[in-house]
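Student: Residue-level listing of the chains:
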Amino acid sequence: MRLTCPQCGERDRREFYYVGDAVALERPAPDAGDEAWEAYVHLRDNPAGETRDLWYHEAGCGAWLVVTRNTVTHAVLDVVLASDVKGGGA
Amino acid sequence: MAELIAKSPCDGLLPVEIGGVTLREVDLGHLTALAPHRGKEKSFAEAMKAAHGLTLPKPGRATGKDGKRLIWFGRAHVLLAGPAPAARLLSHAAVTDQSDAWAALRIEGEGVEDVLARLVPIDLRQQVFKRGHTARTQLQHMNVSITRLGDDAFMILGFRSMATTLVHELETAMSGVAARRAG
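Residue numbers (the numbering used here), protein chains in the order written: chain A, 15 to 104; chain B, -4 to 178.
Just chain A, same shape as in the assembly:
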């Protein structure tokens, strides 16, 4: 598997660390209620198809990335800097 870092170009999987579902970019408001917070903290989909994950380019530029990929075909569809995504802050 290879990911194309927006800053470094195409790099080997070994340079990246998987940090989980990109749901972390959609943090609920503090007063959003128990249900929203439980879903945010605990509930994850496990789709056969497109997923949106966070990856950390730890052995490269150190950027957090949002990677859209397909778990069935293993195709990597899109890689963007998390800081460029709404909710990515940075």
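Hints are computed from structural coordinates only; laboratory data are not their basis. Among the hints, a few may not be true.
Unchecked claim - Here are the simulated SDA-like cross-link-like pairs (lysine to any residue), alpha carbons at most 20 Å apart as the crow flies: (1) B:K53 - A:E24; (2) B:K53 - A:K100; (3) B:K125 - A:G23; (4) B:K125 - A:Q21; (5) B:K60 - B:A79; (6) B:K53 - A:S97; (7) B:K2 - B:R101; (8) B:K2 - B:K125; (9) B:K37 - B:P80; (10) B:K35 - A:D98; (11) B:K125 - B:R101; (12) B:K63 - B:Q122; (13) A:K100 - B:R33.
With the hints as your guide, set chain B onto chain A.
Tutor: Leaving out everything else, chain B in the frame of chain A:
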């Protein structure tokens, strides 16, 4: 008071020369990480130009020359190698002294690309990785910064704490390439 003796990271290990490739330690002077504050990227670039005469490099590039270099060092930060950072930069960027944190090596000679190809997962051949190109990547399992200095010369920055391993890995690869060439 105790008399402290400063040792370079690769003290006693270098230089070595194997099969026409030389590996030596270099003293880069001050090493300073500079991360411009959000929204101050432009004023930081101007202050850098005015203070040190260096152009802010794009991702994957280094500017300047021996003794005074500005190296892209990761997302939204650069490494100033050589001069101590001018005070005027402080209002534009987060400034961190890293002078003692890195082991700096220069590896050069015919076949140096073959040596690095054994250790580094990215393509460092001349046609894609030209003079002035730089990368943050791995050398075996160590995170490093690699910059091309010339047709057969690279600079490698590795963590000081891993200097011995870094030298060992490079020496082993140099021996391997030399043995291949001799055969």
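Student: If a hint holds in the structure, say so; if it does not, say that too.
Tutor: To see whether the hints hold, each was checked on the structure:
1. B:K53 - A:E24: 17 Å, holds
2. B:K53 - A:K100: 24 Å, violated
3. B:K125 - A:G23: Cα-Cα ~15 Å, so holds.
4. B:K125 - A:Q21: With a Cα-Cα distance of about 17 Å, the restraint between K125 (chain B) and Q21 (chain A) holds, given a limit of 20 Å.
5. B:K60 - B:A79: 15 Å, holds
6. B:K53 - A:S97: The hint holds at about 17 Å.
7. B:K2 - B:R101: 18 Å, holds
8. B:K2 - B:K125: Not OK: K2 (chain B) and K125 (chain B) at ~33 Å, beyond 20 Å, violated.
9. B:K37 - B:P80: Answer holds: K37 (chain B) to P80 (chain B) is near 17 Å, not above 20 Å.
10. B:K35 - A:D98: Judged against 20 Å, a Cα distance of about 17 Å means the pair holds.
11. B:K125 - B:R101: 16 Å, holds
12. B:K63 - B:Q122: 25 Å, violated
13. A:K100 - B:R33: 16 Å, holds
Checked against the numbered hints given earlier, this structure breaks hints 2, 8, 12; the rest are met.
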